[in-house]
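Q: Chains as they are written, first to last, in my numbering: chain A, 1 to 358; chain B, 1 to 358.
Be aware that a few hints might be false.
What the hints assert, rightly or not - Anything over 10 Å on all C-beta distances counts as not near chain B; from chain A, calculated:
id	residue
1	Ser69
2	Glu201
3	Gly209
4	Glu238
Stated by the list, open to error - Cross-link-like lysine to any residue pairs, in silico, SDA-like; alpha carbons within 25 Å at most:
id	chain 1	residue 1	chain 2	residue 2
5	B	Lys347	A	Leu45
6	B	Lys211	A	Ser261
7	A	Lys211	B	Glu201
8	A	Lys271	B	Glu286
9	B	Lys211	A	Met168
Don't read these hints as lab results, they were simulated from the structure.
C-beta: ideal position from N, C-alpha, C; glycine also.
There are 2 protein chains.
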Amino acid sequence: MADPRVLIIGAGLVGTSLGLALTASGCDVVLSDAVGAHAVVAAGLGAGRVGLPGADDVDLVVVATPPSSIPAVVVDALHRYPRAVVTDVGSVKSSIVEAVQRAVPELAGRYVPSHPMAGSQFTGPLTASGSLFVDRTWVVTPVSGNTDEAVAVVVDAARRSGARVVQMDPLHHDEAVAQVSHVPHLMSILTASHLRAVPGEHLRLAGQGIKDVTRIAGSDPGLWRQIITANSSAIRVELDQVADDLRYLMGVLDDPQRLESFLSLGQAGAKALLVKHGAEPLDVSELTVEIPDEPRALARLFTDIGDAGFNVEDFELRHDPVREVGYLTIVIDTEVAEQLVGTLETKGWVAASAARKG
Amino acid sequence: MADPRVLIIGAGLVGTSLGLALTASGCDVVLSDAVGAHAVVAAGLGAGRVGLPGADDVDLVVVATPPSSIPAVVVDALHRYPRAVVTDVGSVKSSIVEAVQRAVPELAGRYVPSHPMAGSQFTGPLTASGSLFVDRTWVVTPVSGNTDEAVAVVVDAARRSGARVVQMDPLHHDEAVAQVSHVPHLMSILTASHLRAVPGEHLRLAGQGIKDVTRIAGSDPGLWRQIITANSSAIRVELDQVADDLRYLMGVLDDPQRLESFLSLGQAGAKALLVKHGAEPLDVSELTVEIPDEPRALARLFTDIGDAGFNVEDFELRHDPVREVGYLTIVIDTEVAEQLVGTLETKGWVAASAARKG
Numbered sequence: 001m002a003d004p005r006v007l008i009i010g011a012g013l014v015g016t017s018l019g020l021a022l023t024a025s026g027c028d029v030v031l032s033d034a035v036g037a038h039a040v041v042a043a044g045l046g047a048g049r050v051g052l053p054g055a056d057d058v059d060l061v062v063v064a065t066p067p068s069s070i071p072a073v074v075v076d077a078l079h080r081y082p083r084a085v086v087t088d089v090g091s092v093k094s095s096i097v098e099a100v101q102r103a104v105p106e107l108a109g110r111y112v113p114s115h116p117m118a119g120s121q122f123t124g125p126l127t128a129s130g131s132l133f134v135d136r137t138w139v140v141t142p143v144s145g146n147t148d149e150a151v152a153v154v155v156d157a158a159r160r161s162g163a164r165v166v167q168m169d170p171l172h173h174d175e176a177v178a179q180v181s182h183v184p185h186l187m188s189i190l191t192a193s194h195l196r197a198v199p200g201e202h203l204r205l206a207g208q209g210i211k212d213v214t215r216i217a218g219s220d221p222g223l224w225r226q227i228i229t230a231n232s233s234a235i236r237v238e239l240d241q242v243a244d245d246l247r248y249l250m251g252v253l254d255d256p257q258r259l260e261s262f263l264s265l266g267q268a269g270a271k272a273l274l275v276k277h278g279a280e281p282l283d284v285s286e287l288t289v290e291i292p293d294e295p296r297a298l299a300r301l302f303t304d305i306g307d308a309g310f311n312v313e314d315f316e317l318r319h320d321p322v323r324e325v326g327y328l329t330i331v332i333d334t335e336v337a338e339q340l341v342g343t344l345e346t347k348g349w350v351a352a353s354a355a356r357k358g
Numbered sequence: 001m002a003d004p005r006v007l008i009i010g011a012g013l014v015g016t017s018l019g020l021a022l023t024a025s026g027c028d029v030v031l032s033d034a035v036g037a038h039a040v041v042a043a044g045l046g047a048g049r050v051g052l053p054g055a056d057d058v059d060l061v062v063v064a065t066p067p068s069s070i071p072a073v074v075v076d077a078l079h080r081y082p083r084a085v086v087t088d089v090g091s092v093k094s095s096i097v098e099a100v101q102r103a104v105p106e107l108a109g110r111y112v113p114s115h116p117m118a119g120s121q122f123t124g125p126l127t128a129s130g131s132l133f134v135d136r137t138w139v140v141t142p143v144s145g146n147t148d149e150a151v152a153v154v155v156d157a158a159r160r161s162g163a164r165v166v167q168m169d170p171l172h173h174d175e176a177v178a179q180v181s182h183v184p185h186l187m188s189i190l191t192a193s194h195l196r197a198v199p200g201e202h203l204r205l206a207g208q209g210i211k212d213v214t215r216i217a218g219s220d221p222g223l224w225r226q227i228i229t230a231n232s233s234a235i236r237v238e239l240d241q242v243a244d245d246l247r248y249l250m251g252v253l254d255d256p257q258r259l260e261s262f263l264s265l266g267q268a269g270a271k272a273l274l275v276k277h278g279a280e281p282l283d284v285s286e287l288t289v290e291i292p293d294e295p296r297a298l299a300r301l302f303t304d305i306g307d308a309g310f311n312v313e314d315f316e317l318r319h320d321p322v323r324e325v326g327y328l329t330i331v332i333d334t335e336v337a338e339q340l341v342g343t344l345e346t347k348g349w350v351a352a353s354a355a356r357k358g
């Protein structure tokens, strides 16, 4: 496909990152933001140039503004750029589709909704990156009235950013993100909000577990209010099931066998997440390395791993601020695990691998 | 206090780590485990010697067996070692106290319950460490009948391991751990178990957030079944409130203002955890550093931080296996943050600090 002329509206983390990626792929990218300075900063990073193109000079408009403003901005873009395909990056689709089809039914065929599954707890230009979408899932959710050509323009842009494109219908998409993103977020919120009734001295007994569970509860309430209200129907269906599960759990707290079965369901769910990218369960091992509390310990470890040519895919560092030792857990293919353990041991590290428990 | 003669029953992570610490502090430590090989391995690591001492040759018995076996082992130890103070490391106290007082009311004055707040998602001798308890909270929960001398023996052992001793009554302790540990664990379980109803293709849309929330759900169901059934009364009180909160949340899903208020409660709770160790809120900043996907990047960063003499207290690494960039977030005092940013920038890193949002 010829390099499209792209207008990105909203120069935040996602918009700026997309501008960087599309510019690098050869597109002519124009950036616009309600806060002019944001577009200027994004342009300064190389994400495109600032301005508003002529009505016929745009092939694709990407709306990357805050969730609640997306429908109005999409409608406006459909009016202003009569030859352009318009898409958006909102994390909930059905409500936007409905709003656009209601407002401009005659133009909605050019609106192809999409949702790149990339983001970060960070915001703003510092963390924008041309590789934000590389190998991430970008869901395109065509609606009735979209031509194959219009869908292809959005798919092409997503692929240019390095993303893997998945197509599903908007309702299906919204159900999926309710399940794997919005409900987990609300569970984190419920856990963290419960602390309001907990005496301060009890918090002194808190460890790493609750910190992990409540991390995403620290996210911006204003942003999440927009996401959740936009997807409230799908979320309510899931929360009804959570409420049922909670009632069941409260009923089996004193029934060791049923309680353990339910805990095992949770363990299985946590494991299922690990293999989400493939159809087959991975044969992975956890490799644990002891990290002494020395300024250079972690530097030395990563140097040793790099020297040996291993490309660590995923890892988790448990560093406790008050303990003098930490552990680095690396999740890798079982085959490579033993090899890496051997390499590290010859360098003096205390390391061991274990098959991840099922 | 003179170096006590200590018998540790149960040579797992906690028992072995305690053996290492007490041996280093000058105690004569004997190790015992139902699985003889475990005690032998622990002794091989330097945690003590294997055996069973004579009835009058023990000043302190520490029971570090799996939770459900603790009451019986404590009762047995009170019989076998008539001069010894007996303590345990179980994470729930009231149920053990009741069982011991019911079984041997005439001996229970020598049983001083305690709970070192140290552990790990790891088990077994590899991760045992003489510094496991350093600067951790060790809760001692004296009961009626305990003499000051008996309590002092347990407090002394806890301090020898490097822990900070906190005294509270058993019921108070159990309420606290229900709030900050057991309920968060069950919230993680509820979130992860919910995935059983989620189609596999939806899991492809999962990101880091749900992975964090469900991490501890991957823990051993058998161990947690023992912990939860032992503390079910305190947990039920908390879960009743969670159920109320869930009903409230479901009622405000479409009410933007109340929803955002509730999300803010969660954000405040997540923040409260950060300041758990002090009475005063810390003035902390988050410093974010971009980590390019190069084998040496992290090694280079930690070397640069070490060179500059900074002692990083707590940090979190977000490395996405499919993205080419990661971010290291360091939580530090606001004063030092700007200094470290400056240092890193002169070394070519892209870094920024921001006050943690309230």
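Q: All hints, please: hold or fail.
A: Cross-check of the supplied hints:
no. : hint                  : result
1   : Ser69                 : 14 Å, holds
2   : Glu201                : 8 Å, violated
3   : Gly209                : 4 Å, violated
4   : Glu238                : 7 Å, violated
5   : Lys347/B <-> Leu45/A  : 20 Å, holds
6   : Lys211/B <-> Ser261/A : 21 Å, holds
7   : Lys211/A <-> Glu201/B : 29 Å, violated
8   : Lys271/A <-> Glu286/B : 31 Å, violated
9   : Lys211/B <-> Met168/A : 23 Å, holds
The structure shown violates the earlier hints numbered 2, 3, 4, 7 and 8.
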